[in-house]
Amino acid sequence: MSEKGPENEPAETTKVTDDDVVEDPQDSAADTDRVAEASRWHVALREITTGNALVAVLSVFLAMFFGSLMILFTDADVRYGMSYFFARPSDTFIYAWEAISGAYVSLWRGAVFNDLGSTFHQQIKPITETLKFAAPLTLAGLGIGLTFRAGLFNIGGRGQMLLGGAAAAFVAVKLDLPMIVHLPLAILVGALVAALWGGIAGLLKALTGAHEVIVTIMLNYVGYYLVFYALTRKSLLQAPNSGNPKSSPMPESAILPDLLGPKFNLHAGFLLAVLATFLVWWILNRSALGYRFRAVGENPAAAKAAGINVGLAYFSAFLISGALVGLAGVNQVLGSVTDGATSGLDAGIGFDAITVALLGRSRPFGILAAGILFGAFKSGGFFMQASESIPVDIVLVIQSLIVLFLAAPPLVKAIFRLPSKEA
Amino acid sequence: GGEAPAERAGEGNSDYLPCIVSDAGGFDDKSFNQLSYEGLKEAADEIGTKPKPVESNSENDYAANLESLVGQGCDTIVTVGFALSAATIESAKANPETEYVLIDDAADADFDGKTDAENIKPILYDTAQAAFLAGYVAADYTKTGVVGTYGGQPFPTVTIFMDGFKQGVEYYAKTKKKDVKVVGYEGGEKGSFTGEFVANEKATNTARQIIDQNADVIMPVGGPIYQGALTAIDDSGKDVALIGVDADFYETDPKTQDVVLTSVLKNMKTSTNDVIIAASEGDFDATPYVGTLENDGVGLAPFHNFESKVSETLPDEIEEVTAGIKDGSIKVNSYLAK
Amino acid sequence: MSAVATTVKPEGVAERVPGLWKTPSVLGVFTVLVALLVLISPRSGDSTFRWSRQGDWFSIPDVSLPANAVVWAAVLVCLLCTAYAAWNAYAGRKSPLLLVAVFAVVAVAGFLAWAVAGKTLPVVGLLAGSLALAVPLVFGALGGVLGERAGVVNIAIDGQLLFGAFGAAIAASLTGSPWAGLVAAMVAGMLVALLLGLFAITYWVEQVIVGVVLNVLVIGFTSFMFSQVLSENAAALNNPPHFPRWEIPLLSGIPVVGPIFFRQTVLVYLMYVAVFLIAWALYRSKWGLRVRAVGEHPKAADTVGINVIATRYRTVLLAGAIAGIGGATYTLVSVPSFGREMTGGAGYIALAAVIFGKWDPIKATLAALLFGFASNVESVLSVIGSPVPSQFMLMLPYVVTIFAVAGLVGHSRAPAADGKPYRKS
Amino acid sequence: MRLALRDITKRFGSLVANDHISLTVEPGEIHCLLGENGAGKSTLMNVLYGLYQADEGEILIDDEPQRFKGPGDAMAAGIGMVHQHFMLIPVFTVAENVMLGHEATGFAGKLDLDAARKQVREISERFGFHVDPDALVEDLPVGVQQRVEIIKALSRDAEVLVFDEPTAVLTPQETDELMAIMRQLKESGTGIVFITHKLREVREVADRITVIRRGTVVGEASPEASNAELAALMVGRPVELKVQKSPAEPGERALVVSDLTVADEDGQVHVDDISFHIDAGEILAVAGVQGNGQTELTEAMVGLAPHVEGSIKLDGREIVGRSVRKALEAGIGFIPEDRQIEGLVGNFTIAENLMLNRSYDKPFVTGGSLNLKKLDTFAKEKLAEYDVRAPGVSTLAGQLSGGNQQKVVVARELSRDLRLLVASQPTRGVDVGSIEFIHKQIVAARDAGVPVLVVSSELDEISALADRIMVLYRGRVVGIVPADTSRDTLGLMMAGETPEGSQA
Ligand SMILES: Nc1ncnc2c1ncn2[C@@H]1O[C@H](COP(=O)(O)OP(=O)(O)OP(=O)(O)O)[C@@H](O)[C@H]1O
Ligand SMILES: Nc1ncnc2c1ncn2[C@@H]1O[C@H](COP(=O)(O)OP(=O)(O)OP(=O)(O)O)[C@@H](O)[C@H]1O
Ligand SMILES: [Mg+2]
Ligand SMILES: [Mg+2]
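Protein chains in written order, with this note's numbering: chain E, 33 to 455; chain B, 51 to 388; chain A, 9 to 433; chain Y, 33 to 536.
Errors might be hidden in some of the hints.
[What the hints assert, rightly or not] Derived pair list, reagent style BS3-like, types lysine-lysine, alpha-carbon separation capped at 25 Å:
#	chain 1	residue 1	chain 2	residue 2
1	B	Lys224	B	Lys376
2	B	Lys240	A	Lys127
3	B	Lys228	A	Lys127
4	A	Lys428	Y	Lys101
5	Y	Lys345	Y	Lys412
6	A	Lys127	B	Lys227
7	A	Lys428	B	Lys224
8	B	Lys288	B	Lys228
9	Y	Lys101	A	Lys371
10	B	Lys228	E	Lys266
11	Y	Lys412	A	Lys432
[What the hints assert, rightly or not] Every beta carbon over 12 Å from chain A, so not counted as near; a handful from chain E, in silico:
#	residue
12	Ala128
13	Val144
14	Pro277
15	Trp313
Hints were generated in silico from the structure; no laboratory data involved. We put the beta carbon where it would ideally sit given N, CA and C, even for glycine.
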């Protein structure tokens with residue numbers, strides 16, 4: 033996904049050219065000279081067929097196709113139809129069509145627009161849900177993408193989210209303050225604690241050269257048990273009167289406000305994510321700090337020789353990354369699931385965010401777009417499961433296939449027999 | 051699709067729609083999610099309807115899943131596990147027309163002793179009572195004088211088993227003046243936990259360590275983790291007996307038949323079934339239900355293959371203890387006991 | 009002209025090198041920690057260590073010692089080790105690894121004596137369990153080492169373990185034979201490896217991306233199949249027979265050693281073979297030379313006529329098969345059925361072992377064993393009752409790994425072309 | 033064996049790297065290929081060696097057309113190559129490197145290392161090399177590494193040997209020895225293709241010379257042609273081979289280095305108690321075989337070396353113990369020895385690379401934020417001033433040719449107010465045209481009063497730039513001598529011998 037985001041994908045044009053290419057598969061790769069002399073129309077066609085936009089569309093298409101196969105082979109009706117396939121093959125096809133279209137239509141209804149809804153707010157609610165789920169994915173994705181740009185792998189999203197969320201919850205439930213102070217304070221403390229937690233990996237890397245992949249993975253577990261411990265102590269996080277490892281619900285004064293009123297679940301966490309996107313974009317592309325992150329990420333030896341403190345860059349990248357990932361945890365506790373923090377508050381987002389960062393190519397707006405896409409899958413998945421009884425796990429399969437195909441344009445082009453740019 | 055052949059699976063004639071949401075364990079957890087779902091399915095078959103089950107993978111999913119189910123027009127929604135409590139209360143308040151059944155939690159977030167929404171029926175089980183009996187049986191059965199237990203995570207719904215078990219053993223030791231020791235649980239949250247409700251090497255290994263402490267009865271509490279104990283028992287080459295939890299393992303998992311001494315029953319299947327049947331007939335009753343020995347909500351499974359191996363007097367003694375617990379002359383402490 | 013020795017090492021210069029002080033510092037920290045245990049919370053009673061098991065040729069008697077005394081003795085030895093390490097550092101020498109090993113054993117013994125005061129610690133069970141817990145990690149790490157030695161970073165170990173477990177469960181259930189399950193596990197691991205190869209080797213996709221994404225793909229696929237297919241036909245598809253324990257005659261009777269190493273399942277014996285075979289082949293055989301060449305400097309390998317792409321594919325597939333065996337331990341040894349996400353991220357721990365073990369099969373195996381040991385200390389202590397809250401005990405293996413990586417390993421050098429796709433024009 | 037290339041064409045996308053090139057190599061002949069950076073020499077040789085497939089044309093051996101699918105086929109046909117960037121595996125031993133690809137094995141694929149050791153010893157003896165078969169390649173000096181490359185080729189019975197810039201990293205003595213080896217090979221009937229940028233060498237050994245420019249053969253030159261003629265033919269214009277430079281007018285004592293000792297992480301000492309000084313407006317050139325402490329010396333000057341003792345005083349202020357950033361802020365410009373590794377960020381644009389050492393403060397950073405406009409203007413200026421051949425300032429540095437990359441580094445380092453310039457191998461692998469330009473810039477800096485420390489393993493470069501010459505051997509100063517010291521004397525000093533009359 034490019035820096036500019038998905039809005040420059042010419043969906044209409046691609047369709048037309050797509051057909052053209054299919055009709056003319058001979059127009060293949062080897063023919064460099066001919067293309068060089070070809071008409072402007074040909075040049076434009078070539079630009080589109082070799083461009084990223086078409087590959088993106090086709091990647092999604094391919095991933096959905098494989099998802100369909102899985103649905104087909106496990107759908108009870110389709111299998112039933114196949115049992116008498118030779119007697120009445122049409123049934124199999126009808127069932128197959130029902131299964132697949134049912135799945136994707138419900139995915140759409142759950143993610144974007146529900147035409148079955150009786151009121152307007154019910155109809156457009158799915159898109160707001162999508163944005164709600166996109167917020168933590170984007171925040172954590174930004175954090176992880178930022179470390180990627182600095183040449184680091186932050187696999188520690190889970191731990192950072194847990195610590196950030198738990199710290200925010202602590203401030204929220206233990207203090208009694210007016211909202212104007214309480215909410216910002218809880219957010220800040222959450223981000224800060226997560227930043228320090230992430231910073232451990234950066235510090236150890238800078239001081240001892242410890243491989244950050246190991247350290248962050250280990251810190252996930254350590255963080256999990258720490259938070260779990262806190263949740264079993266009344267003095268720390270556990271709700272009074274309860275034996276469950278869960279905190280009290282968040283007080284009103286520390287809850288991220290709703291963006292579209294009480295009828296929708298979309299809360300200010302999404303605003304936080306959008307702001308963070310701009311902030312990270314600024315850091316990476318316009319700030320000296322971000323310049324140094326990128327320099328260190330691309331060539332640490334050259335950066336060092338040019339006077340950049342590489343260890344400090346590692347440490348500060350992890351601090352910022354931890355803070356962003358921590359905000360995802362804060363978003364969960366103070367926004368999405370406000371009835372109390374638990375040791376499951378990360379909800380797998382810390383890992384999903386790695387994929388989001390990869391899909392967004394570690395570019396801030398790419399990550400925002402990828403976060404929204406994944407949020408849509410998430411939100412649509414619930415609807416699909418409820419209406420079609422298809423396990424949401426299929427969404428994982430489709431998501432990961434999209435990322436893989438997007439990362440390998442030549443493969444997609446080979447599958448669809450498109451010309452490749454570097455003929 | 052209306053034009054489908056009549057034999058097509060699961061099509062019914064009632065328009066009553068029962069639904070169920072699992073917690074993060076999913077419906078294959080060999081524990082409360084699975085049993086509640088099975089109870090719901092049976093009820094649905096009896097009524098002639100097709101239930102809608104949805105699984106949650108994380109706590110993110112609870113509210114969204116409930117919302118989708120409401121959108122699907124469910125009449126009754128069963129939510130399984132304390133983790134869904136808050137989401138259930140919220141959904142119930144927003145949808146007063148829909149009926150909710152919450153398993154394993156009182157739905158009392160404000161701790162005023164009352165259910166927070168009138169359309170939620172909380173179902174709880176004082177499994178400590180039944181586990182007490184199991185502890186008594188184990189203490190009687192053991193030859194080494196050591197019995198063990200371990201859990202998935204120190205949640206109250208887990209430790210309540212271990213707690214009751216421990217009290218049962220201690221009661222036996224005191225009344226019979228026999229030295230019997232419990233390993234793997236010391237009370238509160240102190241004990242042996244695998245950290246996850248997953249059948250894995252950690253579960254197997256924990257069972258191994260318990261057997262290594264000379265235990266010859268072992269009670270794993272936490273869905274599929276008992277499968278680890280099966281492997282450990284098999285590997286040890288010793289005569290170690292297993293005590294099942296939730297359902298009668300002898301029936302739900304034939305692989306356990308040679309080793310299962312008895313099981314601590316938590317009759318979620320029956321309770322769910324009953325509530326759904328009643329609800330389908332318009333008799334939804336939101337009063338909280340606490341399963342006890344008294345109302346057969348919890349109990350002890352038969353000894354099956356072990357009938358000949360336990361002491362002859364044991365069945366009568368169990369009767370006696372049961373009566374004692376019922377009439378209150380024997381106290382079993384748990385977070386649910388008044 | 010002769011090969012000029014370009015660097016000379018006069019006496020007395022190296023003492024300026026601060027890296028040498030890392031070892032004594034870490035040892036010092038741990039010495040203090042052990043001492044703090046008894047200072048803050050002295051224990052009463054004896055700690056008993058049990059060494060024997062049924063079936064030993066002869067039984068070593070239990071050893072009972074007063075807990076506090078043992079801990080203090082351990083602290084003393086630790087102090088001596090630390091002092092020696094510090095003296096070495098002062099003299100500009102690196103401390104021998106043996107010193108660190110002695111220190112570790114003594115410090116652990118001190119901690120255990122403290123923790124089991126008044127109770128009995130089954131030493132053999134502790135060690136045998138450590139080995140069992142480490143088996144999938146060792147296979148995973150071996151797969152990781154192989155792949156990376158050939159220049160392909162394998163983050164997908166977790167996916168290979170999980171898919172191996174999945175494949176093994178189905179095939180063994182269908183055929184009724186754990187051996188068929190083992191083969192299926194290898195094939196499953198290879199399938200994931202094939203995808204890794206396709207994207208990483210043929211299409212030059214960033215290898216970390218491919219690995220992470222393949223893990224998600226496998227989780228999604230197996231979970232989907234689990235709910236849609238396996239759990240509905242559990243008796244037919246998810247009911248694998250398991251490998252029995254094979255006691256090796258004679259060897260298994262040796263006290264302490266026998267029950268730990270020679271009363272295991274066939275997969276453990278396979279693991280011994282795999283570790284030594286891979287370690288040998290990697291450094292001593294033509295195959296290994298070529299694999300390492302391709303991972304260090306693929307272009308150089310190409311210029312002497314080695315087919316880089318094919319070598320990488322073959323190695324990655326082999327690595328996948330090995331990781332697949334690790335996956336088989338979940339469903340053919342540990343528990344008798346497949347469960348959703350049942351590897352619990354073990355592949356990532358195996359990956360840590362690869363790096364911790366500096367891309368060496370033996371060292372990676374030791375790293376995995378260390379992890380297994382730390383996990384099992386937690387299990388054993390929680391069963392016999394420990395003075396530490398369970399969450400902190402559960403943290404132990406991870407904290408130990410961080411200390412080990414930061415304090416003892418530090419910079420490690422990956423194969424030079426690790427993670428870099430090979431592109432010819 | 034007679035080798036012929038006929039009408040070879042090789043394209044990279046739209047770039048035609050080789051355009052219908054024909055070339056023959058007779059047995060017992062040394063055939064030189066000359067051409068500026070990016071002319072297509074390496075590409076042609078890679079085609080010959082089977083690494084690239086030609087788009088057009090054919091390769092003939094004894095008039096038989098050949099099909100090389102990979103280097104394996106080329107080697108089997110008797111072609112060996114010593115690559116510009118060594119194709120050795122650093123963590124392998126010499127024997128392992130030599131046997132790789134045609135390993136002798138025993139039972140179960142067990143490597144027969146003894147056979148490989150024997151082979152290494154045999155070939156070494158034949159040519160008088162002293163190479164330890166069990167030494168790790170990464171521990172060997174480059175000269176020896178190159179011998180390993182030659183042994184590798186000979187161990188496969190190569191009849192045509194290609195040397196791609198083999199002398200770029202050698203000392204004069206090593207170069208002379210290589211020439212002798214080439215002659216010896218030639219005597220035994222081996223055909224040799226020899227690529228170099230050093231005209232002196234060409235005239236010394238070449239039997240025939242082919243000049244390539246922009247992918248096409250522009251003609252053959254006679255080995256008797258003068259340096260100036262050859263250079264002009266290569267570049268397509270007359271080239272100043274020796275930079276015009278007035279005698280130095282040394283000013284104050286700007287840099288004083290005393291008792292400097294540099295050790296690495298393992299405690300090995302690379303610079304051993306050396307002292308010297310440089311005056312403002314003076315160039316001190318450091319000569320020496322690579323690996324005798326030059327790298328560590330330059331690293332210590334900018335704070336890159338981890339363990340430094342002694343003192344480096346610039347304008348009276350101590351540098352030792354300061355961070356790289358502080359050293360650079362004190363006014364040190366640093367041209368590192370390997371532009372790819374330490375000089376440039378390949379995936380950064382030219383403009384971004386130009387601010388690499390100025391990411392903390394003005395002019396490109398204000399209040400923590402980048403001033404992209406200023407950077408753009410600055411980069412455009414420098415692009416024009418330093419004649420960097422690139423489409424624009426947002427071209428990625430990694431896509432430039434070696435010479436142009438070097439110009440970017442030089443432009444960056446010289447565009448600040450310098451108090452000291454440290455230049456390490458400033459023209460390694462750069463063609464004569466670019467050398468001329470870079471030398472001019474360095475001399476201009478000196479003339480502006482900057483003290484300059486130049487490290488080079490290239491004696492031509494040393495004598496072209498130096499006002500005084502310091503020779504390093506095993507981390508110690510052998511002597512500091514005047515610029516007009518003879519090549520022979522310098523060569524001896526580089527081997528560690530202290531000649532008469534030099535001040536140590
Ligand atoms: N793999 C490649 N892909 C694209 N372009 C390439 C590739 N290799 C070389 N080129 C381009 O081909 C041209 C010829 O390069 P080549 O390396 O053959 O030059 P050369 O004559 O060896 O130069 P030098 O004297 O610097 O070694 C250059 O413009 C170079 O940028
Ligand atoms: N795949 C490629 N795509 C684009 N440019 C390339 C590619 N491969 C090489 N080049 C360019 O071709 C140039 C020539 O490559 P080569 O490795 O032969 O170096 P060179 O020109 O000989 O440089 P030097 O003289 O520094 O050794 C490189 O500097 C690089 O910029
Ligand atoms: Mg209430
Ligand atoms: Mg070249």
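Verification of the hints:
no., hint, result
1, B:Lys224 / B:Lys376, "20 Å, holds"
2, B:Lys240 / A:Lys127, "16 Å, holds"
3, B:Lys228 / A:Lys127, "20 Å, holds"
4, A:Lys428 / Y:Lys101, "23 Å, holds"
5, Y:Lys345 / Y:Lys412, "35 Å, violated"
6, A:Lys127 / B:Lys227, "22 Å, holds"
7, A:Lys428 / B:Lys224, "69 Å, violated"
8, B:Lys288 / B:Lys228, "22 Å, holds"
9, Y:Lys101 / A:Lys371, "39 Å, violated"
10, B:Lys228 / E:Lys266, "37 Å, violated"
11, Y:Lys412 / A:Lys432, "34 Å, violated"
12, Ala128, "15 Å, holds"
13, Val144, "22 Å, holds"
14, Pro277, "10 Å, violated"
15, Trp313, "21 Å, holds"
Comparing the model with each numbered hint stated earlier shows that hints 5, 7, 9, 10, 11, 14 do not hold.
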